[in-house]
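If you want the building blocks of each chain, they are given just below.
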Amino acid sequence: EPEVTQTPSHQVTQMGQEVILRCVPISNHLYFYWYRQILGQKVEFLVSFYNNEISEKSEIFDDQFSVERPDGSNFTLKIRSTKLEDSAMYFCASRVSGQGADYEQYFGPGTRLTVT
Amino acid sequence: GQQLNQSPQSMFIQEGEDVSMNCTSSSIFNTWLWYKQDPGEGPVLLIALYKAGELTSNGRLTAQFGITRKDSFLNISASIPSDVGIYFCAGQLRETGNQFYFGTGTSLTVIP
Chain A
191 EPEVTQTPSH QVTQMGQEVI LRCVPISNHL YFYWYRQILG QKVEFLVSFY NNEISEKSEI
251 FDDQFSVERP DGSNFTLKIR STKLEDSAMY FCASRVSGQG ADYEQYFGPG TRLTVT
Chain B
64 GQQLNQSPQS MFIQEGEDVS MNCTSSSIFN TWLWYKQDPG EGPVLLIALY KAGELTSNGR
124 LTAQFGITRK DSFLNISASI PSDVGIYFCA GQLRETGNQF YFGTGTSLTV IP
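Chains as they are written, first to last, in my numbering: chain A, 191 to 306; chain B, 64 to 175.
Just so you know, these hints were derived from the structure itself, not from any lab.
Some clues are possibly wrong.
[Said to hold, decoys possible] Cross-link-like lysine to aspartate or glutamate pairs, in silico, DMTMM-like; alpha carbons within 25 Å at most:
{"id": "1", "chain 1": "A", "residue 1": "Lys268", "chain 2": "B", "residue 2": "Glu104"}
{"id": "2", "chain 1": "A", "residue 1": "Lys273", "chain 2": "A", "residue 2": "Asp261"}
{"id": "3", "chain 1": "A", "residue 1": "Lys273", "chain 2": "B", "residue 2": "Glu78"}
{"id": "4", "chain 1": "A", "residue 1": "Lys247", "chain 2": "A", "residue 2": "Asp261"}
{"id": "5", "chain 1": "A", "residue 1": "Lys273", "chain 2": "A", "residue 2": "Glu294"}
{"id": "6", "chain 1": "A", "residue 1": "Lys247", "chain 2": "B", "residue 2": "Glu104"}
{"id": "7", "chain 1": "A", "residue 1": "Lys232", "chain 2": "A", "residue 2": "Glu193"}
{"id": "8", "chain 1": "A", "residue 1": "Lys273", "chain 2": "A", "residue 2": "Glu193"}
{"id": "9", "chain 1": "B", "residue 1": "Lys133", "chain 2": "A", "residue 2": "Glu246"}
{"id": "10", "chain 1": "B", "residue 1": "Lys133", "chain 2": "A", "residue 2": "Asp253"}
{"id": "11", "chain 1": "A", "residue 1": "Lys273", "chain 2": "A", "residue 2": "Asp252"}
{"id": "12", "chain 1": "A", "residue 1": "Lys232", "chain 2": "B", "residue 2": "Asp101"}
{"id": "13", "chain 1": "B", "residue 1": "Lys133", "chain 2": "A", "residue 2": "Glu258"}
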């Protein structure tokens with residue numbers, strides 16, 4: 191069964207450094223998402239991406255964040271200058287389209303980002 | 064952002080018991096999804112609901128889309144130890160296209 195994959199599984203970085211988190215969505219999916227989950231808290235929406243552009247973003251997704259689909263398979267989240275409070279689990283998700291059962295989002299296993 | 068409140072926050076039950084949890088909001092939602100998350104892993108989709116009043120089952124799990132469109136319910140029958148985890152609801156607002164809001168989660172512990 192196809193699945194969303196994410197790399198790396200764990201990333202440790204120093205405050206102020208740039209990080210890039212990578213995701214490979216399910217191949218026939220068209221909508222892509224990034225979420226974060228601070229330890230012990232709920233999943234929070236960051237951004238959605240469709241047709242090579244951002245379609246929605248939350249207030250968390252400020253100028254330090256950017257997303258890109260550099261080729262036909264990868265979907266990346268870049269944090270330009272990490273802060274301690276960026277430490278969280280980052281999940282990528284994808285879905286097929288925008289109608290009926292295709293609203294179902296499938297999540298990757300996550301990347302644990304630790305900022306020291 | 065939207066607030067989806069889940070209750071109870073945590074549950075400790077005996078194996079074999081039935082479980083009920085709910086998710087409520089002050090806003091009207093178009094779609095409700097229920098996910099289960101195991102420690103250190105991503106949420107796994109359990110059930111999706113698309114119409115008010117809809118009742119959908121997936122094995123021992125049954126979920127309902129509330130008539131008011133502001134709530135949803137998840138029931139698990141005859142719980143087993145592998146049901147342990149955190150259950151999240153997620154809703155998509157009627158007014159917006161892509162964003163899903165997640166609930167605060169219900170932590171389930173099943174005692175063998």
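Now for the hints, and whether the structure bears them out:
no. : hint                  : result
1   : A:Lys268 <-> B:Glu104 : 21 Å, holds
2   : A:Lys273 <-> A:Asp261 : 28 Å, violated
3   : A:Lys273 <-> B:Glu78  : 43 Å, violated
4   : A:Lys247 <-> A:Asp261 : 21 Å, holds
5   : A:Lys273 <-> A:Glu294 : 32 Å, violated
6   : A:Lys247 <-> B:Glu104 : 24 Å, holds
7   : A:Lys232 <-> A:Glu193 : 22 Å, holds
8   : A:Lys273 <-> A:Glu193 : 30 Å, violated
9   : B:Lys133 <-> A:Glu246 : 22 Å, holds
10  : B:Lys133 <-> A:Asp253 : 33 Å, violated
11  : A:Lys273 <-> A:Asp252 : 13 Å, holds
12  : A:Lys232 <-> B:Asp101 : 13 Å, holds
13  : B:Lys133 <-> A:Glu258 : 34 Å, violated
The structure fails to meet hints 2, 3, 5, 8, 10, 13 from the earlier list, while all remaining hints are met.
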